[in-house]
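Participant: Listed below are the residues making up each chain.
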Amino acid sequence: MAECHPVGFQWVMEAKARGAKVVHVDPRFTRTSALADVHVPLRAGSDIAFLGGIINHVLRTDAYFRDYVVAYTNGPVVLREDFRDTEDLDGVFSGLDADSRSYDPSTWQYRGTSVQASSGRRDLRFDERTGAAPSVSEAARGESHGSGGPTTPGGEPERDESMTHPRCVLQVLKRHYARYTPEMVERICGVPQDLFRQVCDLVTENSGRDRTTAFAYAVGWTQHTVGVQYIRAASVLQSLLGNIGRPGGGILALRGHASIQGSTDIPTLFNLLPGYIPMPHAHHRQDLDAFVRADAARKGYWGNMRAYLVSLLKAYWGDAATEENDFCFDYLPRLTGSHSTYETVMAQLEGTCKGYFLMGENPAVGSANAKLQRLGMANLDWLVVRDFSLIESATWWQDGPEIETGELRTEDIGTEVFFLPAAAHTEKDGSFTNTQRLLQWHHQAVEPPGEARSDLWFTFHLGRIIRRKLAASTDPMDRPLLDLTWDYPTVGEHAEPDAEAVLAEINGRDAEGTPLASSEQLKDDGSTSCGCWIYCGVRADGVNQADRRTPGEQQNWVAADWGWAWPANRRVLYNRASADPDGRPWSERKALVWWDAERGEWTGHDVPDFPKDKAPGHRPPKDATGPEALSGTDAFIMQEDGKAWLYVPSGLTDGPLPAHYEPQDSPFPNLLYGRQRNPVRHLPPPHPDNRYQPSGGEPGTEVFPYVATTYRLTEHHTAGGMSRWQPYLAELQPEFFCEVSPQLAAERGLEHTGWATIVSARAVIEARVLVTDRVPPLTVHGRTLHQVGLPYHWGPNGYSTGDAANELLHLSLDPNTHIQEAKAFAVDIRPGRRPRGPAAPELVRAYRERAGIDEHTGTEP
Amino acid sequence: MTDDIARAAGHTDPPPRMGFFTDTSVCIGCKACEVACKEWNAIPEDGLELTGMSYDNTQGLGADTWRHVAFVEQRRPLGGAASGAGDVDVFDAARDLAPAPGNGELRWLMSSDVCKHCTRAACLDVCPTGSLFRTEFGTVVVQEDICNGCGYCVTACPYGVIDQRPGDGRAWKCTLCYDRLGVGMEPACAKSCPTDSIQFGPLEELRERAADRVAQLRAAGVDDARLYGEDPEDGVGGDGAFFLLLDEPEVYGLPPDPVVSTRDLPTMWRHAAAAAASLAALAVVSFAGRPR
Chain A
1 MAECHPVGFQ
11 WVMEAKARGA
21 KVVHVDPRFT
31 RTSALADVHV
41 PLRAGSDIAF
51 LGGIINHVLR
61 TDAYFRDYVV
71 AYTNGPVVLR
81 EDFRDTEDLD
91 GVFSGLDADS
101 RSYDPSTWQY
111 RGTSVQASSG
121 RRDLRFDERT
131 GAAPSVSEAA
141 RGESHGSGGP
151 TTPGGEPERD
161 ESMTHPRCVL
171 QVLKRHYARY
181 TPEMVERICG
191 VPQDLFRQVC
201 DLVTENSGRD
211 RTTAFAYAVG
221 WTQHTVGVQY
231 IRAASVLQSL
241 LGNIGRPGGG
251 ILALRGHASI
261 QGSTDIPTLF
271 NLLPGYIPMP
281 HAHHRQDLDA
291 FVRADAARKG
301 YWGNMRAYLV
311 SLLKAYWGDA
321 ATEENDFCFD
331 YLPRLTGSHS
341 TYETVMAQLE
351 GTCKGYFLMG
361 ENPAVGSANA
371 KLQRLGMANL
381 DWLVVRDFSL
391 IESATWWQDG
401 PEIETGELRT
411 EDIGTEVFFL
421 PAAAHTEKDG
431 SFTNTQRLLQ
441 WHHQAVEPPG
451 EARSDLWFTF
461 HLGRIIRRKL
471 AASTDPMDRP
481 LLDLTWDYPT
491 VGEHAEPDAE
501 AVLAEINGRD
511 AEGTPLASSE
521 QLKDDGSTSC
531 GCWIYCGVRA
541 DGVNQADRRT
551 PGEQQNWVAA
561 DWGWAWPANR
571 RVLYNRASAD
581 PDGRPWSERK
591 ALVWWDAERG
601 EWTGHDVPDF
611 PKDKAPGHRP
621 PKDATGPEAL
631 SGTDAFIMQE
641 DGKAWLYVPS
651 GLTDGPLPAH
661 YEPQDSPFPN
671 LLYGRQRNPV
681 RHLPPPHPDN
691 RYQPSGGEPG
701 TEVFPYVATT
711 YRLTEHHTAG
721 GMSRWQPYLA
731 ELQPEFFCEV
741 SPQLAAERGL
751 EHTGWATIVS
761 ARAVIEARVL
771 VTDRVPPLTV
781 HGRTLHQVGL
791 PYHWGPNGYS
801 TGDAANELLH
811 LSLDPNTHIQ
821 EAKAFAVDIR
831 PGRRPRGPAA
841 PELVRAYRER
851 AGIDEHTGTE
861 P
Chain B
1 MTDDIARAAG
11 HTDPPPRMGF
21 FTDTSVCIGC
31 KACEVACKEW
41 NAIPEDGLEL
51 TGMSYDNTQG
61 LGADTWRHVA
71 FVEQRRPLGG
81 AASGAGDVDV
91 FDAARDLAPA
101 PGNGELRWLM
111 SSDVCKHCTR
121 AACLDVCPTG
131 SLFRTEFGTV
141 VVQEDICNGC
151 GYCVTACPYG
161 VIDQRPGDGR
171 AWKCTLCYDR
181 LGVGMEPACA
191 KSCPTDSIQF
201 GPLEELRERA
211 ADRVAQLRAA
221 GVDDARLYGE
231 DPEDGVGGDG
241 AFFLLLDEPE
251 VYGLPPDPVV
261 STRDLPTMWR
271 HAAAAAASLA
281 ALAVVSFAGR
291 PR
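Chains as they are written, first to last, in this note's numbering: chain A, 1 to 861; chain B, 1 to 292.
Same shape as in the complex, but just chain B (with noise of 0.2 Å):
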């Protein structure tokens, strides 16, 4: 069940655990997301500076920045971005074509960058003021009126995504819009994408969908097509946004192997335990063994 997690955080009866799948594949880039989501949220401007990296000159997610597309230009052998259609008969010859020799076909990845909302997220594991907390919908919010700015968070997330706000010290985030979802809205992102690249809804609708288009773009001869965060097994427990790529997670920015960073504290307790009994049995028995 979805909703474990929101039960789990003390939520009875709560909705469907509710997210985001992102699909790169049919991202166009126009930055939409970016805008509406500052525009709902109210979120600072976040500077002027021509980065110099193709068109993305918001750089990453943060405090002032909780929807980043990233824009990467690069050289391949073959590929493209792929059609969904089923059949690509006609386009073999398309893909024969001989590129400008040396290069090898330009790609334009374009990729909507967001909070993971991680089933188990450091983040929340770390908030001394219980400012971060698991909504109904299973997704993790801060209270801008509890926050203390501690900055724990800030170092927890495995994929850097919360940040302090400069001058202000408490941390944002992405909220996946929960004032909206409260009354039956989608997120402000979801809302304005022109092409359903960020599709939000039921997550185990969204991991269903997600199988279906990889599988899609795999048997249309997309090999690199792959999911990201979908997985429950993987260090996060699964993301509540979870991505569809072209290519490593790494190209996009995105950490490879994500683990909360929480993961070890069991057990670092345990060997602390162990190594302060060992130091204190140390000690009794240099004391022990000390002459009188």
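If we strip away everything but chain A, and leave its shape as in the complex, we get (with noise of 0.2 Å):
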């Protein structure tokens, strides 16, 4: 965190101050080590056996806490008698299907009920739940798994207090972690037993009434084939332990840019429209009202999910958008299977996608297997790159690697490449969200240089020019780009779109065109607008919430009145669970927000996240349906059921609990079960460029010996298009580098400050060498592992120059999220510097041969 987010961590530094522990988990010893109270190495890529540890220490000493469990999540329900865990399976999940490599999630359901996400896939059951056929297209039948066993959806789950039921959640929690051991996390992630322990003790002994622990985590836990699952066991802990909805408490993503979070709210997600409603799959006769029913949750607050949409389409559309027409809802795209980044790759590389938009994006440096990245764009007919500088993507053609190897030329490339400049954040108004959902507003300090403009500007500009051409259409194909409501008014001698104006329309009006101030105003019937329900209220009595900077100093400790967090400027999710289930604060150390019984609502330091004049008390009518379903001990309200998932019976595509896996490409077995790697990873089609490595004991394995991650540096910004042209910050980390230990340095003859050769199944590329013990070498399964730290920033374009570590990488996706495993592989290492021109190419090929690799390792599901 110090080294990746510095001014979040002062934050951490001012929490050590008054007395907080710091721990710190990480192959490396960083500038965050440095600072904490421990530091924790482990081997990358073991997170889920070592948080699987902890889970296992907690539930055996009895260390969670009972009355939270209890109250506020799934703890106490029961599973569905035909439900098998990976302790039946050998590894897997009841439902899984090998020939398509996915999981029937219908046995993961609680008994006599199904349940629906908050999150995540949401139409998994959408013929079960709209009675419809079969759906038509090869990705929507992958996802609607038919239905299994009597269930009534919506109706409540039943459940055990005492949880004592050998198939409510918390017992079959306890079954599944019990070979979790300290012994096993030892031998699986080189983390010595003893050093375990102090972590169990500090995270539990800082953790129930009076005290609270946070996690903070980066893309070091997402970027896996088990991403998510990584995510997964941090809630598992964080709710056992009750450390979900209260002051120091919460599970904190670290972004990997400013407003990645808010590009994620108002996505820039094939598979999500804003505030998180799913985008519509592609099925039979789906109107608005069927993908409501199968999307839409009955209890909580997605029970409202036509009214934030149905808002949205009118944000879209205006008057286009009405009853009649569904309000366009026929007009949003339908997906036909994923449409990742990667996938998006592969179709450019089979020749269907034939255009490309890079908006402040390096992939041919920052994504996985960038060789892949860039035959991708070598088979474009137009990419648009727009960017500070001329980025290696937006080069390739002319002096990318595959130039010097040969394997293109840029006489045979087809590709138009436009490049155009774009502008810095100080060059425009626009807001940026945080990690922790905080709106702040920034102002133009200059005008763009030269020809750059911001993204605001091309975008409209180019919508705006699109629907002059298209102006005289009658194909009904282009409606929908002609109903849009395109009138941004625009300022000064650019004609630059006023961003206040799209905060305008995200905020939302009623039909009068008065800004909303709640997202609990919007209607279903087409009276309210509204471009992000989630951001509803940003905008609320038409002033800028987002742009209030009343210092800490001058408020409360929850300092509500800098910037504007969604929803409704609330600072912790889900606080209805810092109150006990009476309403009252489970101590006062940690109060937060509390049932005032005399003037009969909620109230608090922060803003209630719960329905503000239900009682604790309140249980709600059987017929009741959306946030009127909650009773009053329902804290997490997005969620159908009410409670926090210790298990999830729905919106996970691979398991309903974390369970420990290997690595795509990884050196070792796996020790806890039967089963190497996750079943149901996302492998794209098999690519020569594309080979996976033998792991786990397999003839060839030896090839690749070392364990490796990538990461960055302070000094640098990802794919280093803001960095590594700016000679200040250059000169700060001059060139590409590996970390080595100095046990791996001696035993590959790797010198301080020489060059190294670092080889995987997919490229071989060149990094100067620094020795030192903050890389240090493990004990895992009983012998000693090297790791090679990789900082990510580095191309050949630029100031500061260097191969890209991402050369190295396979894809291999999450099957969730579509995101690659750059955070752990193996590689070979030796001395000295690459070959150049085709023998770097060949030296890939012999090391493939040499590990035995063809198409189908590392392939099995």
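Everything labelled a hint here was simulated from the structure, so no lab data went into it. Careful, some of the hints might be misleading.
What the hints assert, rightly or not - Stretch by stretch, here's where chain B covers chain A in the computed footprint (C-beta under 8 Å, at least three residues):
hint: 1; stretch: 7-14
hint: 2; stretch: 22-35
hint: 3; stretch: 727-738
hint: 4; stretch: 763-775
Glycine included, every Cβ here is placed at the ideal spot set by N, Cα and C.
Once you've looked at the hints, go ahead and assemble the two chains, each given alone in its own frame, into the complex.
Facilitator: Structure (structure tokens):
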């Protein structure tokens, strides 16, 4: 965190000054470790084993927060008889279809009912919930597996408050994690048992009524074939310990750039609409009602999905969206499969994706298997790159690595490349949304230089020109574009769209055009419009609430008058859980919101995240729906059952509980199960430049004996577009280097500040060598493991240059998020510089041959 | 009074003496100070060299580097960058953890170095043009339009801070952002420091704060915590920019006992004068003693 979020780390330091203990778990000793109280080096890719070990410790020693677990989690809920855990099936859950590499999740449900997820895949049971005939498309078929068992969607689940029923979630958890012993943690992660117990004690002693523990993570957790399950493991732990919805608790996702949070809230993701409304998949006869029936929840705030969606459609299509035409619901595209960035690359290679916009993104350096990225771009008709400098993704066609090796020739490449300079954040108005869901407005300080323009300018004027070109069209396909409300006022000599007008559209208006103050005002009859329901209120009273800057010392510790946090300016989500079931704070020390019986409302330091007048003792009538159906103790108001999920009955594609699987490429076998890798990890179609390596003792594993991980340095930013061209930053970390231990350096003859060549089944790169104790060897599976640290900022362009670490990576993706496994893979390292020209791919081919690699290697389910 | 040196330099009714307290125990090595300093003062880039000295590719202070973050990787039997907390009982166990055999606990010390703005500043003493001067804030600043590039200050500085810029010849160093101070702003490095490792303020106040911080750290078991450059009795009369260190100054590349290089000038002159007198006397005597 100190490495990549130094500004945010000031709050960790402040907490530390007030007595907080900081534990840093990372393969490397980083700038964070330097300031932490305990550093725990572990093998990259083994975190579920580590977290599972802590979960086991918590369950075995009864260290969980029992009252919290009973009241606010699904720990007491009884599961179906036909659910089978990894314990029963040696590493897989019930419902696995090995041929299609997917799970039918129906047996994961609660007994006697079925619940909808509040995020993730929500239309997995479309046909069941809508009574529709089986859906058509490949992808949709794969995602709408048949129903199973007698379920009543939306009924109340069966509970055992004593949590002793053998099939209640808590008991299933206990059995599932029983094998995650300290001995197992030591053997898998390389964390000595005494150090592991130390962490267990620190976490459990600092959780409960009086104390809370927070977890912070970044892409070191997400970029794995089991990335979502890493976060789930932390969620299980934090829910058991009562650390969610309380001050000082939570799981903080540290983002990779400014406003990455904002780019999922108002998404750049293919499968989401603004405010986490799912993008519709292609189904037979899917009108607005059927979509809402399939994807919304009966109970809780997702019960209002129709109001959120209709208001969004009104924001998109204004007067054209009417009750009669389903508010233009059919203008929304339908998903026929995954269209993540890596599937898009595969589509480029197949020739089906012909055009590509890169806006502030440098995949030729920053994305996994950078070579495939370039080969994909070389197969396009056109490519638009908007960035500050001529990044590698804009120039690969004339000076990329494949030109040097002869694998591509400039004269053979048909891609027309457009480079458009982009404006920096100081050159435009707008907002950032940080990991705390806090929107902070920034103002333009200077005009962008030359032809540089903002993304807002580019997108608005591109849309304007396309609409003008299509104005005379009678093709129904063009209606969605022509009916858009594309009428933002522009200002200044460059006709820059007024960013605050966009914010006003996002905030929403009622039928009279008055700004809305809260998402509770949204209607499903078309009388309100709102571009993102969770942001509703950011411009309450017509005032830009994100632009508020009352200093911390002039307000209380919650600091509600700095910026604006979605939703409704709440600073801690699910904060009803900060009070006990009767509405009293669990402790004075950790009081946040509470029930004021006299006034009959929730009150406190933060904005209560609960219906304001719903008493703790409230029990809803049987036929209630939406927020009305929440009981007075259903603290997790977005969940259909109102509870935090220790166990996930719906929404995940790879299992209801986190289980440790080895990374795609790993020198070690899976000690916990007979299954080496996540059986449903997402593998794209075989490609000769995307071969996987033998793992876990298969013949050839020894060819790639070292674990590697990629990361960032404070001095540079992601793929370098914002930093490698800056002399003041370039001089601080002037070139690509790898970090190795003195022991590995001795084993492989690597010299400090000399050169190393690093090889995977995909690529060979070279790096300067930093020999350091900060990447310690670990004892894993009873033998010494060396890890290789690779900062991934560099590429051949710019002021500070070097090979790109991401050349080494494969495409093997998390099946929920389609994120690459960049944080744990296996390599070989040897002294000296890499070969040049055609000799470079020749070396990689030789390695593949030596390891016996073909298109089947590493592809088993 | 900490404004004495400003008065001595001819400033009437000066503000309190201002300075830096750099608390290295909370430095996270982000180098924001280095970059902010260069941005504000428009200092040229200082060369791209991977030094292999941990994450320190800046190497040291000079004409083109006025803030420098040192990175020191070390193995020690005990310690670690300790928290500022008063209660450490939870952590006794953590300290008892057996480190890897034969190694000892890994420490990574980081420290942002800067011109010390000495109370007795040799650079200022030796400057023949008056380019170096004492400001009303008690800081020492080079005036780039007056400096003639003689370089006397470079050899005079006991810390090796000030240097001549190649191709320019003039001497450059930290001004403690004299232009920002003049309009009530704090220096760029302190402003950009996310963890308040670099603290700016009236020197007297900083010294009190630093003494408290050392006491706090020592109470928390960090016996290595010590101040460097805060003592008005030291060889330079105390620094306007002083430090809290977690090891010996040499570990950070700082001189253990700096002395203003002009300290001995009066005695040297006295000795020289005496020597000259003796020589003259000898000459006289020898002439006097010579037979005519």
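Participant: Compare the structure with each hint and give your call.
Facilitator: Consistency of the hints with the structure:
1. A count of 4 residues in the stretch 7-14 of chain A with a Cβ less than 8 Å from any Cβ of chain B is obtained; the coverage claim is therefore met, three being the minimum.
2. Using a Cβ-Cβ cut-off of 8 Å, 7 residues of the stretch 22-35 of chain A lie near chain B, which meets the minimum of three, so the contact claim holds.
3. Coverage of the stretch 727-738 of chain A by chain B holds [criterion: at least 3 residues with CB-CB distance below 8 Å; count 10].
4. Residues of the stretch 763-775 of chain A lying with their CB closer than 8 Å to a CB of chain B number 5, which satisfies the three-residue condition for coverage.
Hint compliance for this structure: every hint is met.
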